[in-house]
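Chain order of the listed sequences is S and U.
FYI, the numbering for the first sequence is 108 to 422, going by the numbering used here.
FYI, the numbering for the second sequence is 27 to 468, going by the numbering used here.
Bear in mind the hints are in silico, worked out from the structure with no lab data behind them.
Positions of the beta carbon are idealized from the N, C-alpha and C atoms, including for glycine.
It is possible that part of the hints are untrue.
[As the list claims (entries may be wrong)] Computed spacing ranges between beta-carbons, pair by pair:
hint : chain 1 : residue 1 : chain 2 : residue 2 : range
1    : S       : D403      : U       : Q451      : 53 to 61 Å
2    : U       : V107      : S       : K393      : 22 to 30 Å
3    : S       : S300      : U       : R251      : 28 to 36 Å
4    : S       : E207      : U       : R310      : 42 to 50 Å
5    : U       : R310      : S       : Q129      : 22 to 30 Å
6    : S       : D270      : U       : V83       : 20 to 28 Å
7    : S       : V395      : U       : R287      : 52 to 60 Å
8    : S       : Y182      : U       : R251      : 24 to 32 Å
Here is how the chains run, residue by residue.
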Amino acid sequence: MSETDGFDDVTEAEIRAAFDEQSYVADDDIVTTVLLALRLGRPLLIEGEPGAGKTELAKVLAGGFDAELVRLQCYEGLAAENTLYEWNYTKQLLAVQAGEGGVDGDGTGSGEGPEESVFSEAYLLERPLLQALRGEGRRVLLVDEVDRADEAFEALLLEVLSDFQVSVPELGTIAAGTPPVVVVTSNRTRPLSDALKRRCLYLHVSPPSFEKEREILSRKVPELHDAVAAELCGIVGRLREEPLRKPPGAAETIDWARAVATLRGNGGPDSLTREEVRRTLGTVLKEVEDVERVDDELLDSLVEAARAAREAAGS
Amino acid sequence: MTDESDAGRTDPTDGETVVRATEHVRDELVRFARALRRAGASVPANAATTAARGLVVVGFADEDRARAATRAALVTDPRDVDEFERLFPEFWRRLTAGLGETGPAERWDDPPEGALAPLGGEPADGEEPEATDETETASEPDDDPEGSVAWRSSSLAAHLDERGDDEPLAVARYSPTGSPAPVETLPGFAGHDVLGSAVDELTAALATLRGRAWDTAGDRRTDARRALRASVGTGGTVVSLPTRDRKQSEVRATWLVDVSRSVLDTLDRGFLLDVLGRSRAAWRDCRVFFFDEGVREVTSAFEDGTAEGAAEALADAEAEWGGGTRIGGSLAELRTRTPDAVDNRTVVFVVSDGLEMGDLSALERELAWLSSRAVAVVWCNPLAAAPGFEPTAGGMAAALPFVAGPFAFAGPDDVTELARQLRAQGPGGRVGYEYDPRRKDA
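The following block holds chain U by itself, in its conformation from the complex (with noise of 0.2 Å):
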């Protein structure tokens, strides 16, 4: 904390040093902004004036008057308070050496260090040097070449086409009670008019949106037609006002899709990505993410309507991982990497069988996170559909406080069946896998 006197420093009659003085405070404002930008912060564009407007009320005597002040114009996101209590005490340290006995430093006589410098400086001594485009690359996948994209295309389409719409699926090992034991025979993908028909349904039991129609059950507008002829039965006295409301037909939804082996050996692959496919058509907002070992944003595949970008993005998922999935770590890296898909109007499909390879206890806080945040968390799980499937797996047994569900999900009737449900009762009610009535058929 510097003393009360740097407030003072420079002479308030002396108006080349007042300049001077704004002109540095203005300086390390602007750096500071631009080095929070360049870490990832999101830093509104006024918002260093807004600082300089602050400084200048709570003064420069007093270190945590002028961090606070400070924090509350280029903060807007508590995640970036920790990028901003890195960087704040070099701006200090540079904002009060320019304000010393003498006014402010010569400029450039302090060449700013480390997260300060300015894009394309040389590092300070022992520093290391700002990330770089090689940095970033490395934390990028590797463009692939022309071929090997064509080859992982090639290889789902071939596994698809050998497999045809017809052919049962390949069986999985799952069981109940954690011994190995085959899966029975899922039914194989039947007909896209009854899956159209089906996301139709879901649309309708789970719009949180308004649409365009209107409705006349609603509150928010008056209806002054409705009025008016009501008003012709009582002579022209309005006795009630009527009102009107959008109807709420549309859907926000965020699919999280577990793409390890364990699911991808049990689920019908055309069928899942035709449900993604459609979803994304269908509703005013549909993201989808692939998880596995991580997560990964793959809604651009579903952007152009058909199925190749879609295959080729599910084929390079398992290509990279294809290993154990450790869903709470995914939904962790989704919460602080893209928080943004998940609100209070966002209906969260979980698609995967519960089989955490990762902490159990951090899935459950990561699911009390999407839990809270989310209009509702509906998990399907392709091992549902089993007649004699239990919820004993680890992960699912953890997560089924948290959600509504699982749901069977292996075919056109299961997503008939979720929708049938979720109508019904609501995603909060008594829904999910135990109340389907064809497992009692079974």
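Excised from the complex, chain S in its bound form (with noise of 0.2 Å):
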């Protein structure tokens, strides 16, 4: 396959190696879904809760096939321009009052007539959804947390999901030479509509469990030692038994794995400490409240979790 071929002809062997490539832990089930994915050239939905590596599944195919990442972040109030394209407002009223452009122009872009039409490419700004439809080779396309957008954003996505082309008046419609992979996430803040889950394949990615976290923590943190590891994950696994109001995903065990490594150099014992505990809480317990609940018994409780689970994992 060549650098500016798309993921047509991908094998389930290439996206397990650029899995292991960028230290990416995935059962065989979401090998499978992405290769479908790439295959069929479907949009892959990633649901699951914050931290569970939606994101960075995106990210790791990118980096895995050297394809170019687009990523679109939602948030409430995104509309068209900020994701397809806009005009150059101040480069468009330049032209037009140094008599460099007209709104008559042929809108060639071609720059040789005095008349340039200010509607053509030269004004173009090209948002992150018109890159990744016009862009070379390889790309994949994020669009990150679509929960967090409106309903009318959604709909925008639907055209652009089902034909990969999008229509600008003054340009004509402009389609996708090689569609981009694209990967949508969402947290379920919101139910997102039957319309868009219909054009995706689906793929909902749940907190890893106790050896799954473990090895993303041999291969993310391979500094810090095997029991110490494994004492965090089974504190994280208690953790999420508790009402909390944010659970740690694997990006916040990641986090605590790496500040306690660094809290301890070269050094430290093979174990964690209570003290050590709750010092470095803080790395996965991101609101007041949850930082509140961890009172002396429930530290003894996560300090038991993690004396059980390091005995589990035989360390």
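With the hints in hand, could you dock these two chains into one complex?
Pasting the structure below:
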């Protein structure tokens, strides 16, 4: 497969290699679903708790296949002009005042005529969706946290995802030569439309199991002692049983492991101390109510969970 | 898992076999999708087609791959995964049996069983019959005979009439320390105009959705008119591009109203229904749920703008439940049955005294979910109108970290105060009964 090709003939082995290269630990069903998304050319809708690795998957795909990552971070109020294209108003006004452009030009953008239209390529500002459609070679379009955007944006996205083309009234229809791989993520803070789901393959990413989380830490934070990593995973698993405002995801576990490894340097005991847990919990708990919830009793329970995890891991 | 030879069981040179195999796969996929839908799963209309393409890509040799491929196409909600996993083995057995050494089996020689059986089909030996009208009927509330509904309605009307607007509310027993003591007399329901203004203020305080009016403080669209006007002062040069945006003036809300005896005996029902009715009419999207032992959506009772349907719904709820409250259990039911009632632009109002009869840890868990999902959870407690109120009831104490409030909720003045605090501080600010100036004055 050449570098300029899409992902039509990618193999499962190549996906696994890409994941391994990027130290991304993925279950078999994730690999199979990603393979389908690439081979069938269907957008992939990934849902799951924050920190489960949804965004990371798109980044890993881009990194592993030397593809350009075009990221669109969604937020409330996101509108078409923020995502597709805008006209460079200032440049247009200056061009009109200087007599270099007009609103009735031929629109070729050649710059040769005295009355080049200010509604031509030279005045077009591409935004992420248009960039993803018009780019060359392999591209991964990440539409991140689509549930934060308004329903109106979802409708706009449908048009792009259906035909991989957009219509710019002054320029005509712009279609993708090679459709990008599209990854749409959602934290399920609001239900997505059936129309969007119908266009996508669906993947739900659950919080990692104890074993998977240990493997993630061994790859992402190799400098951390294995037994300590197991203890951290045990504590995080215990924390997820608590009714927290923001339960820790895999990303928080990695942050915590890095923090512990940094504080320890090359030394430190091969087991977490109670005080060490207490001082560093701020890296996994991000809400004041959650931090306040960890009283002495819960802290004892966390330390106990750490010991149990260490024994279960045989470290 | 099947062996590798499964994929090659059909002879590709045998056109008829290939056609039959294709039809067999298609039939089984359609049947599988239908079975999932019948079980309540949300399966897109084109899902079977997508699943078929997925199976072509991953082949039929590996059950796990096929499971992942069909799941990616047929499942669109994590709550449907269990149902998918329950039905997949039978789908897979039938699919692979039909792709045997001699090609796909003759149709109908292996009639589908259990959940994959066609609608109306006879159940297999020893199998429970498919859900029928009888079972569905059993799970639904009985259709009340007209006389019964009328009785309930008149019962509530009589209750409201007897009491009258000026009559003080009957006292209920409440004590911050847990010992029985009468609650101080709460103010009676005053005037509708006051309540209307209070709801308007609440709208302004909690608006999360864009309305039709434009605001110049936004960043959504370039304001060409202002740009041109400004350019006059600079000789035609545009120095900056002013923008405008739609004002946030609309509210999306969900009311969760505790209709247990302890609340209904304390709260002015006319006031409650009036608040709910006005919210339903004034806000862009407003859903109303009553809860006690379970949860029930009663939004439609407020559709016609009159109090009759709402009063009837309240009377029905009281007649059906009217016992102890399981707030956590009710919230869990809401989460599993109607999770779309709450999203990140929805303000959730909980009207409850916080007297939880269920598991407190379950209540905490559900409120953690609710608070992380909604834009805000505002707790309206009728007992908080009493000057001596302290949130020491188990449910109320457990709820505090997850909610804004508790706020007093006994009359229009309380709604006004609720709106004032939320407008000044926002739902995440220092708000609640303890910041109510009337409490200090009392």
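How the hints compare with the structure:
1. D403/S x Q451/U: 53 to 61 Å: Violated: the Cβ-Cβ distance is about 32 Å, outside 53 to 61 Å.
2. V107/U x K393/S: 22 to 30 Å: Holds: the Cβ-Cβ distance is about 28 Å, inside 22 to 30 Å.
3. S300/S x R251/U: 28 to 36 Å: Holds, at about 34 Å.
4. E207/S x R310/U: 42 to 50 Å: Given a distance of about 47 Å, which is inside 42 to 50 Å, the answer is holds.
5. R310/U x Q129/S: 22 to 30 Å: violated, 44 Å
6. D270/S x V83/U: 20 to 28 Å: holds, 22 Å
7. V395/S x R287/U: 52 to 60 Å: violated, 36 Å
8. Y182/S x R251/U: 24 to 32 Å: holds, 26 Å
Of the hints listed earlier, those the structure fails to meet are numbers 1, 5 and 7, in rising order.
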